[in-house]
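Student: Here are the chains, one letter per residue:
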Amino acid sequence: MKPLFSLLLFLCSMNLFSQATISGKVSDHKGKPVEGANVFIEGAYDGATSDVNGDFSFTTSEKGNQILVITFLSFETQKVSIVIENYKPQTIKLKESVNTLDAVVISAGTFKAGDNSKAAALKPLDIVTTAGAAGDIIGALQTLPGAQIVGESGRLFVRGGESDETQTYVDGIRVAQPYNATANNIPTRGRFSPFLFSGMTFSTGGYSAEFGDALSSVLLLNTINEVDNEQSNFSFMTVGLGASNVQKWKKSSLSVNLSYINLEPYQKVVKQNVDWVKPYQSMSGETVFRQGFNNGLFKFYAAFDYTTFNLNQKNVNFSEPINVDTQNNNFYTNASYKGNFGAGWGIHGGISFGYSQNKNEIDRSNLKNRENASHMKLKLTKKFSDRVHLAFGGDYFITDFDENYNDITLGEFKDGYYNNITAVYVETDIFFSKKLAAKVGLRALNSSYINESSIEPRISLAYKTSKNGQVSLAYGDFHQNPVQNYLKFNSDFNYEKTSHYILNYMYAVNGRTLRAEAFYKDYSDLVKYDTYTPLFNSNYNNNGYGYAKGLDVFWRDNKTVKHLDYWISYSYIDSKRDYKNYETSVTPSFVANHTLSVVTKYWIEDWKSQLSITNSFATGRPYDNPNETAFMNAKAKDYNSLSMSWAYLLSPQKILYFSISNVLGRDNIFGYDYALSPDSDGVYQRQAITQPADRFFFIGFFWTISKDKSKNQLDNL
Amino acid sequence: MTRIITSLVLFICSWAFSQSSATSSPYEQGMGKAMGLWKEGKSAEATAIFERIASVEKTNWLPNYYVAFINTVEVFKLQDKSKASALLDKAQQALDNATAVSQNNPELMVVQALIYTAYIVQDPMTNGMKYSSKAMEQYYKAQALAPENPRVVFSKAEFEIGGAKYWGTDTKPMCAEVERSIGLFAKFKPETAFHPSWGLERAKELLANCGK
Chain U
-5 MKPLFSLLLF LCSMNLFSQA TISGKVSDHK GKPVEGANVF IEGAYDGATS DVNGDFSFTT
55 SEKGNQILVI TFLSFETQKV SIVIENYKPQ TIKLKESVNT LDAVVISAGT FKAGDNSKAA
115 ALKPLDIVTT AGAAGDIIGA LQTLPGAQIV GESGRLFVRG GESDETQTYV DGIRVAQPYN
175 ATANNIPTRG RFSPFLFSGM TFSTGGYSAE FGDALSSVLL LNTINEVDNE QSNFSFMTVG
235 LGASNVQKWK KSSLSVNLSY INLEPYQKVV KQNVDWVKPY QSMSGETVFR QGFNNGLFKF
295 YAAFDYTTFN LNQKNVNFSE PINVDTQNNN FYTNASYKGN FGAGWGIHGG ISFGYSQNKN
355 EIDRSNLKNR ENASHMKLKL TKKFSDRVHL AFGGDYFITD FDENYNDITL GEFKDGYYNN
415 ITAVYVETDI FFSKKLAAKV GLRALNSSYI NESSIEPRIS LAYKTSKNGQ VSLAYGDFHQ
475 NPVQNYLKFN SDFNYEKTSH YILNYMYAVN GRTLRAEAFY KDYSDLVKYD TYTPLFNSNY
535 NNNGYGYAKG LDVFWRDNKT VKHLDYWISY SYIDSKRDYK NYETSVTPSF VANHTLSVVT
595 KYWIEDWKSQ LSITNSFATG RPYDNPNETA FMNAKAKDYN SLSMSWAYLL SPQKILYFSI
655 SNVLGRDNIF GYDYALSPDS DGVYQRQAIT QPADRFFFIG FFWTISKDKS KNQLDNL
Chain E
188 MTRIITSLVL FICSWAFSQS SATSSPYEQG MGKAMGLWKE GKSAEATAIF ERIASVEKTN
248 WLPNYYVAFI NTVEVFKLQD KSKASALLDK AQQALDNATA VSQNNPELMV VQALIYTAYI
308 VQDPMTNGMK YSSKAMEQYY KAQALAPENP RVVFSKAEFE IGGAKYWGTD TKPMCAEVER
368 SIGLFAKFKP ETAFHPSWGL ERAKELLANC GK
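As given, the protein sequences belong to chains U and E, one line each in that order.
The opening residue of the first sequence carries number -5 in the working numbering; numbering runs sequentially from there.
The opening residue of the second sequence carries number 188 in the working numbering; numbering runs sequentially from there.
To be clear, the hints were calculated from the coordinates, so they are not data collected in a lab.
Among the hints, a few may not be true.
[Unchecked claim] Ranges of calculated distance between the beta carbons of each label pair, as one might list FRET restraints: (1) Y596/U to G349/E: 22 to 28 Å; (2) K262/U to D357/E: 41 to 47 Å; (3) K245/E to T459/U: 41 to 47 Å.
We put the CB at the ideal spot given by N, CA and C, even for glycine.
Looking at chain E on its own, in the form it has when it is part of the complex (with noise of 0.2 Å):
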């Protein structure tokens, strides 16, 4: 009798668990809840948990896709500068690690290309020569890797108008880009819910000073 309770009791507990995670994997749930507070502006905090679930989805790029660029866009905010250079570095190492496990992925490659454009940012006039060159390198692979992404199109557009206003030349065929991502946006279906999906109020806010 006790024996049947215990396994009965065993068997229900563990009924009991499996039927936790079916509804919300410990992925899932650690995925959830780090884009939450990043979209709190925790941003440290969603970092760490990031952090996590890439030790232990060592063949998933999404959680160091997201430790990389989350660190990427902290440097564009910083207002102490000294932060910087640890920041790129801890992106970039999270990025090399993404792009190890995911080869030839356009949205590793669009945040390989905000890296150095943080860069560039940083220090233009020793940097500006030698990082455009290389950013826009990885524009141009990614577009031809996936011309229908629009966190490419607009990122590659947003990129080209810092150029083309530094040298006074014509803006109106990337404004023309920055629309076309926000077509591309309204397309765009995220393979799950935790695959790169931002960009479109960015594109909407580049579009309405565009040309301007």
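One chain only, chain U, in its complex shape (with noise of 0.2 Å):
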């Protein structure tokens, strides 16, 4: 018996011995061993981790074809096709993650604000707590490099670009009429309530063959895709009213936003520099619905609002001020969605409506018009791997406008035009490590009413110089219609066209980061025409050019001094251009040659309080002064402005809120405007283009009921 019990406990034995044993070295892709590494066959429990030097090795019972994956952190998983019985000690190298935060970024043109983006400068929050923006928007990008403080306009000029050639998107949906309606000279605001964007990316240039008919800049704005909790908000400011509330269901969410502003009690107590007889009153609304599905996002974005505002203004030419009565009523309206459908494809498609109307009374003249703007869009993505993406698409936009100019003594006169611009656009991004990367594209487009086609490649470089620094270098062509005001009175054109550029590079560490880009653009095919203002019997021709180039310089610091946050942004910009009824080529009045913006924010634990302090200077743009033979020879003063303003959070819901902008209440001049012909003594006579009021005082408080006791207002002010 006694044998027959050897032979058994050996044949078990054999049994545990037909384990086969997994050995192998785990390195990184410089050879360099990977300590801590999980290397493991799936779906077994068999499984090692590497030692110091890289090395493992484990026992298994299973048989046959099977799958070794090893997994490390910052690492792409890897998996490597074995057969157990055929097995052979092994080194595995793996790939460092391209998706981790120290990881090269595209990054030459934008600035991102937004959730954990590795190239984000602003976070939305720096946005909207910027003294001296207003709560707008585009107030707070005007302190980023690259964008000219224009300030009787209040739009986005960037890199000496006209405001016309930045175009905004929501969730990727085009914005046709993104500024708020005003009068010749008194600034405007943004439309957009930063309370319902959640991620910002501001491209001062090289930006994605995904958009198009821009000359100088995009702005994209993205609607947030998920709310926290219930809440409502209420706002009493000096200038108006707010309410805003936010419902959530299951798989889907609601918020509405409505707001009053009437100026005229403000401006009762306020001293204004411009003759208001009807202060600038308008009743707005916006609303975002989200619905979530398994694999994707449905967003629906709506926004009305109703303008009204009558001023005096004073004319150089008339001894009488000019009389001038605006109504305007626009809506937007856009539906996307966002989702993938399986093996790495994505889509992302979406249509918008805008209308706008504006009625004038001009003295006793009637200006009407009305636009019409739709955008269908649809995109596909493709992600073969963490490191190649594709993504390509087509947009389809459409545009008609229509105007009715009544004058008293001239009689009526109607214009107007109707385009489509047809576009379709490919782009991959690869990774070809965690060092360098590429984003190539190409996009093509036809507009039908200027029955123009054109090509723009577009190609952009990041190249991870050390630890903490990139270079990045963009290339891109870009064409545009030519704006409205020549389109309404004559479609015989070419687009508009700029190459761009750029060269980036930028430093992040620990709560500090430097940003420095050198940009070129070549401008050609300028609009010009050859009478005062664009006229309808004005000779049109694309003959104009110019150029813009210049450096950029941006830094923030949040960590050197506890509580304190600053950034600094320095642009500096040289541009000339022959377009417009231009006699030669010269610096356009936009464009200011250094601008310096210094924004600070510092908490006061204490007094739970946020004080921000911005000053943005501008060097004096040109002017032309038709008294001297040379030709846009004159330069206004520097301008100069000190904001602040003061956050007091009473209770996690409650705050109090102060702002006064231009605090030294100096009167900047942007500019003159001359007299059409000389007086008596031969001399054209002028008037100074000045801010609407010296300074702008601002008291709100607001107001958050909801279940979640810490949530509030900061990020809205």
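Grab the two chains, each in its own frame, and use the hints to assemble them into the complex.
Tutor: What follows is the structure, given as structure tokens:
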């Protein structure tokens, strides 16, 4: 019996020994051993952790074809097919994950503000707590390098480009009328309350092939994907009232935001430089509905705005001021869907409709215009791996514009146009390694009204030079239809065109960011005309040209001094263009050679207060003095504005907010309007273009009601 | 004869094996070993084993729960903050896998709230506002599902104490909740030895300093 037992034991242990040994080594892409990698057979309990030399070894009773999985923090998970019986020890090289925070990012030309965004220069909170911005997204963006301070306009002027050269997108869908209605030389504001947006990308050049019909810049605003909880907000402000409500269901949510602004009481108290007959009044609202699906998110956004005002504007050509009475109706809506449908495929599509109607009564003449605009978008993305992404799609834009001008002496004039733009694009992002990445794209477009087509190559490269620094290069061609003021009179145009060349250096370490960007922009085919203002009988051509070159520097630091967060933006620009009715190539009136903004925010713990101070400075901008022979040879004085704001948190849900812009009351002069003809002494008389008021005071009380007591409106200020 | 012996041998061998697995399945062995390593402070080794178990036990939320929980707890202990985002990504991924197989699970909601808390701790100025309401949302959801779960009660109170201290409001009601959670810990019976059972020690520690 004893031999039989021994045999049994032997055979049993034989069975045990039929386990195979899986061993080898784990290294990174440079061949350096990786310690602590988890090596195991998928779907089995068998595995080991690599030791200090990267070696691993374990036994398994699994048989045949198996998958060996190797995982390690910050590295891509590697899967190797093996046959247990034939397994030979091997070295497995892991690739560093390109999704980590320290990987290279394609950043030339863009400022991002968003959630954990790697290239984020600003956070949404920053945008809205900046003193001087008065809660206007556009106002805050003007403290970034690349944007010019054009006080009489309030719009975005980027790198030697006109404000029309920037396109605005909400959830990837274009907004045809992003600014509120205003009168000549009275600054406007962006239509969007920061409240509903979580991410913003401000590109000052060299942007993706996904976007077009913009010569200088794109501003991408993304509505919040997911609301945290149900709440109501109430705002009581010296300029009006606001209320908002958020409802949340299992997979969907609805935000509604209403505001009523009336500047009359304020302007009764604070002296204005402008003679308002009926101060600015507006009723506006926005709503966002979100519906989540298993693989995607549907969003519906709608905004309306009704604005009226009436003012008497002095005009150097007339002894009596000119009365301007304006009514503007604006409605914008878009619906978009973004989702995945398996195997790395994604889809993003949507449609927008915008309607704007203006009624202006200028003295006894009537100017009415109406614009219908739509954008349809479809974009498909395919992720081949973490390293190769492809995007392609198409856009279809429709613009239908009508204008009716009824002059008391000259009679009635009608003009308008209908334009379709069709565009297709393809773009790929390739990460060659954690250090080197490229984005290469191509956009083709056709405009029906001017009957022109074009192709635009776009390329950017980014290379990580050190642990915290990276260099990016970008090149792109951009085309844009001539602006409405020309298109309504004439269709015989070409695209206006620019090429961007950008060299960017970014250094970010532990709460400090340095970003320096040199650029060159080459403008061609700009529209020229031969009359004082563009008219139906002007002679138009595309013979204009120009350039812009310069350097933008951005420095941000929130670590050196506790509770102090500040950023400094400096822009140098040299730009000349010969366009419109210019006599020669000169620096246009909206370009200041040097712009410097310093924004500081200081959190005072004991007072539960955030104190913010912003100083904006720009050298004087050129204007044309017809009393001199040289064209555009005069310069206005330098611009400076110091603004302060103080947010006091009475309790987690109640905030008191004060702000004063241009505290020092500096009388900034943006330029001069000259008379069309000289007076009896042969001198052209002039009138300064100034601020509508020396200072702007704002007091607001913001109150949040929600189940979660920690929520407040600080991010809305 | 050879045939009989062979089949006998095979039978006995397989019986011997089935015996050993009956007392302790590979799942139990793995979980036991991983939890042992974790208690010894070898969290990387423990996570590695939990990860392997997760690759087998695809419908069991527990191994991924521990991968998520351990990685999150590691973030709070970090000296070098540069690893935080990688750990939190890993934790979130594991938690998503766990949530996929076990929805409406208050234990997973607690870990989700802890992940949000870790983000807040990393950068309070930036993440504070956003993630604190997200974290509270998880606690409210968990509380509605399991009002008597001691980890839900304790973690929620701990989180609220952080906020109350900042605002200088009274922490007494939260301290009372911590005290209540200690009572609940005593009553709480985890479904198996591997189900979450942590928290009592920390609750006691917190209560000792509560309101001081």
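Student: A separate judgement is required for each hint: does it hold in the structure or not?
Tutor: Structure-based check of each hint:
no. : hint                         : in the structure
1   : Y596/U to G349/E: 22 to 28 Å : holds (23 Å)
2   : K262/U to D357/E: 41 to 47 Å : holds (44 Å)
3   : K245/E to T459/U: 41 to 47 Å : holds (43 Å)
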